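Novice: Going down the list, the protein sequences come from chains G and S.
For the first sequence, this note's numbering begins at 1 and goes up steadily by one.
For the second sequence, this note's numbering begins at 1 and goes up steadily by one.
Quick caveat, the hints were computed from the structure, so don't treat them as lab data.
None of these values were measured; they are calculated from a predicted model.
A few of these clues could be false.
[Stated by the list, open to error] Derived list of chain G stretches under chain S, where covered just means 3 residues or more per stretch with a C-beta under 8 angstroms from a C-beta of chain S:
#	region
1	128–136
2	141–148
[Unchecked claim] Here are the computed distance ranges between Cβ atoms for each label pair:
#	chain 1	residue 1	chain 2	residue 2	range
3	S	Lys251	G	Gln31	56 to 64 angstroms
4	G	Cys80	S	Glu220	30 to 38 angstroms
5	S	Gly396	G	Ser60	35 to 43 angstroms
6	G	Leu48	S	Phe225	18 to 26 angstroms
7	G	Gly25	S	Thr348	49 to 57 angstroms
[Said to hold, decoys possible] Chain S is nowhere near these chain G residues, computed Cβ spacing over 12 angstroms in every case:
#	residue
8	Leu35
9	Ser44
10	Val45
11	Ala46
12	Phe58
13	Arg69
14	Lys71
15	Asp78
16	Cys80
17	Trp89
18	Arg98
19	Asp99
20	Lys100
21	Gln101
22	Val119
All C-beta atoms in this analysis are idealised placements derived from N, C-alpha and C, irrespective of residue type, glycine included.
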Amino acid sequence: MQDLNLCATEKRGLHKLEAGKNLIGWDEVVQGSVLTSFEGDASSVAHLKQEERDYSHFNSYTATVASWRVKKPVFNIDVCIDCQNCWVWCPDSSIISRDKQMLGIDYDHCKGCEVCVEVCPTNPKSLLMFSEQEDLENALSQWPEKKKKEKK
Amino acid sequence: MAEKFDLQEREVWDGNYAASQAMRQAKVDVMAAYPITPSTPIVENYGAYVANGYIDGEFVMVESEHAAMSACVGASAAGGRVATATSSQGFALMVEVLYQASGMRLPIVLNVVNRALASPLNVRGDHADMYLGLDAGWIQFGAFNAQEAYDLALCAFKIGENHDVRLPVMVHQDGFITSHTAQNVYPLTDKVAYSFVGDIDPVDDMLDFSRPVTYGAQTEEDWHFEHKAKQHKAIIDSVPVIEEVFSEFEKISGRKYKRVESYMMEDAEVAIVALGTTVETSRVAAMKMREQGIKAGVVAPRVFRPFPFNLIREALENVKSVAVLDRSSPGGAMGALFNEISAALYTTPKRPLVTNYIYGLGGRDFAVQDAIDIYHDQKANADVGHITTDIQQFSGLRGPKLGFFQTKRS
Chain G
1 MQDLNLCATE KRGLHKLEAG KNLIGWDEVV QGSVLTSFEG DASSVAHLKQ
51 EERDYSHFNS YTATVASWRV KKPVFNIDVC IDCQNCWVWC PDSSIISRDK
101 QMLGIDYDHC KGCEVCVEVC PTNPKSLLMF SEQEDLENAL SQWPEKKKKE
151 KK
Chain S
1 MAEKFDLQER EVWDGNYAAS QAMRQAKVDV MAAYPITPST PIVENYGAYV
51 ANGYIDGEFV MVESEHAAMS ACVGASAAGG RVATATSSQG FALMVEVLYQ
101 ASGMRLPIVL NVVNRALASP LNVRGDHADM YLGLDAGWIQ FGAFNAQEAY
151 DLALCAFKIG ENHDVRLPVM VHQDGFITSH TAQNVYPLTD KVAYSFVGDI
201 DPVDDMLDFS RPVTYGAQTE EDWHFEHKAK QHKAIIDSVP VIEEVFSEFE
251 KISGRKYKRV ESYMMEDAEV AIVALGTTVE TSRVAAMKMR EQGIKAGVVA
301 PRVFRPFPFN LIREALENVK SVAVLDRSSP GGAMGALFNE ISAALYTTPK
351 RPLVTNYIYG LGGRDFAVQD AIDIYHDQKA NADVGHITTD IQQFSGLRGP
401 KLGFFQTKRS
């Protein structure tokens with residue numbers, strides 16, 4: 001089936017805070033909550049893919065906001081036509097697309113806003129919202145049939 | 001560029017013009033403002049200097065004071081030298097963004113021309129807006145006249161932009177009394193003033209594309225406390241920088257500024273603590289009291305934030321009775337300045353008697369005679385050794401006397 005963790009690199013989550021570990025004191029925090037995006041010089045990162053970039057450990061890319069989500073979007077590769085509509089509209093850049101091919105959803109940064117589902121033009125939709133606890137295979141097996149046009 | 005701005009050795013300026021001249025000489029890059037009485041001429045003049053080519057700056061048109069300070073935050077984060085001015089309701093609308101600016105450690109300079117807060121609507125000066133911003137995490141200076149409004153505005157740039165400080169700075173002056181009264185002001189030449197302030201050297205500027213940064217990140221309970229602790233320490237630790245800049249300014253101008261301005265306090269028995277133009281009124285009253293043989297003095301915090309706790313203690317610990325004058329309606333409490341001064345005095349062994357006077361709200365005149373009456377009250381307290389009146393009184397209010405928190409009299 002689909003591999004939805006394509007974008008997770010080894011570096012991701014490396015500096016995630018664990019209780020009692022890695023905690024620094026008030027005197028060591030970055031002045032003015034200014035976070036640097038990349039390690040070292042970043043003048044040539046624009047053409048790099050996310051997983052190739054040298055993110056600083058302050059960057060929000062290394063932190064997860066998955067806990068904000070109540071429902072998650074599930075992506076069905078069999079229905080998708082790679083129109084990139086969801087990729088364009090996603091407010092959190094959480095749709096992973098490479099070479100104009102949809103690969104899946106970055107569940108570390110998706111906040112479950114449902115915009116991707118709303119803009120998906122296929123019939124049936126190739127992205128649908130499911131409960132956070134629903135596992136992937138179960139969700140795909142419940143996918144609706146193609147809707148017939150209603151006669152007027 | 002237009003031709004050089006002609007300055008005489010001695011100019012006749014009001015407080016607003018003086019503050020705008022400081023902005024011109026510091027070559028402010030960006031100003032975003034939504035002009036409000038009585039601070040309007042400051043931004044108006046800046047616009048004129050830009051339009052006439054005296055400086056290379058940008059005046060940003062905005063739709064409210066909230067947007068004005070927001071634009072200033074953006075411009076300062078981008079790495080520019082930023083200043084603006086406001087008063088009263090405009091200041092109140094800015095307050096939310098003031099906390100953003102100090103939390104992001106952006107050295108913005110804000111000229112506040114103090115004015116009453118509505119309602120009732122009033123354009124005259126009192127300190128209601130100043131008191132509103134005391135916890136905003138900004139360094140705050142008080143200018144008692146036009147000359148000081150000019151001098152402190154120049155110092156504000158140098159202090160705020162210092163890499164050890166990196167905090168926004170407010171310079172307060174009294175609405176209309178300072179801002180619209182023309183006085184003799186001795187300006188520095190453009191060259192001397194600019195070499196004093198120096199070029200801005202921004203830290204973490206957003207226009208540095210080789211090192212992108214995020215400003216004002218979300219921290220929740222994980223890191224907010226730590227950031228606030230560091231910010232508070234930064235303000236407290238700005239004291240040596242403030243003193244260094246003041247002494248540097250003394251060298252080029254001959255005018256000496258201290259964090260607490262004491263007047264005839266060496267042997268004083270009774271004292272008034274006040275802010276703004278009231279300080280000069282009280283000094284005249286103190287002089288007259290001395291002629292009557294009453295040892296009177298005036299203590300005025302020049303720097304409200306960081307609050308000069310130790311200096312206030314030193315200045316007042318040998319005084320017998322102190323009157324703290326608050327020019328803002330306390331809203332069901334003691335005046336804010338009273339609270340701070342009495343907190344400082346409570347930790348001294350002798351603990352002088354302290355009373356609170358609310359005066360001059362909405363621009364009500366505070367005359368020398370009012371200060372003299374207050375000194376006489378204090379003298380009576382000092383003689384009997386306890387407070388003889390209500391602890392909080394309204395001075396200059398029409399109608400029967402108004403006072404609160406009676407003292408027990410045996």
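Novice: Determine for every hint whether it applies to the structure shown.
Specialist: Hint check:
| no. | hint | verdict |
| --- | --- | --- |
| 1 | 128–136 | violated (count 0) |
| 2 | 141–148 | violated (count 0) |
| 3 | Lys251(S) <-> Gln31(G): 56 to 64 angstroms | violated, 30 angstroms |
| 4 | Cys80(G) <-> Glu220(S): 30 to 38 angstroms | holds, 36 angstroms |
| 5 | Gly396(S) <-> Ser60(G): 35 to 43 angstroms | violated, 56 angstroms |
| 6 | Leu48(G) <-> Phe225(S): 18 to 26 angstroms | violated, 36 angstroms |
| 7 | Gly25(G) <-> Thr348(S): 49 to 57 angstroms | violated, 33 angstroms |
| 8 | Leu35 | violated, 4 angstroms |
| 9 | Ser44 | violated, 9 angstroms |
| 10 | Val45 | violated, 8 angstroms |
| 11 | Ala46 | violated, 9 angstroms |
| 12 | Phe58 | violated, 8 angstroms |
| 13 | Arg69 | holds, 16 angstroms |
| 14 | Lys71 | holds, 22 angstroms |
| 15 | Asp78 | holds, 38 angstroms |
| 16 | Cys80 | holds, 32 angstroms |
| 17 | Trp89 | holds, 23 angstroms |
| 18 | Arg98 | holds, 23 angstroms |
| 19 | Asp99 | holds, 26 angstroms |
| 20 | Lys100 | holds, 26 angstroms |
| 21 | Gln101 | holds, 28 angstroms |
| 22 | Val119 | holds, 27 angstroms |
Comparing the model with each numbered hint stated earlier shows that hints 1, 2, 3, 5, 6, 7, 8, 9, 10, 11 and 12 do not hold.
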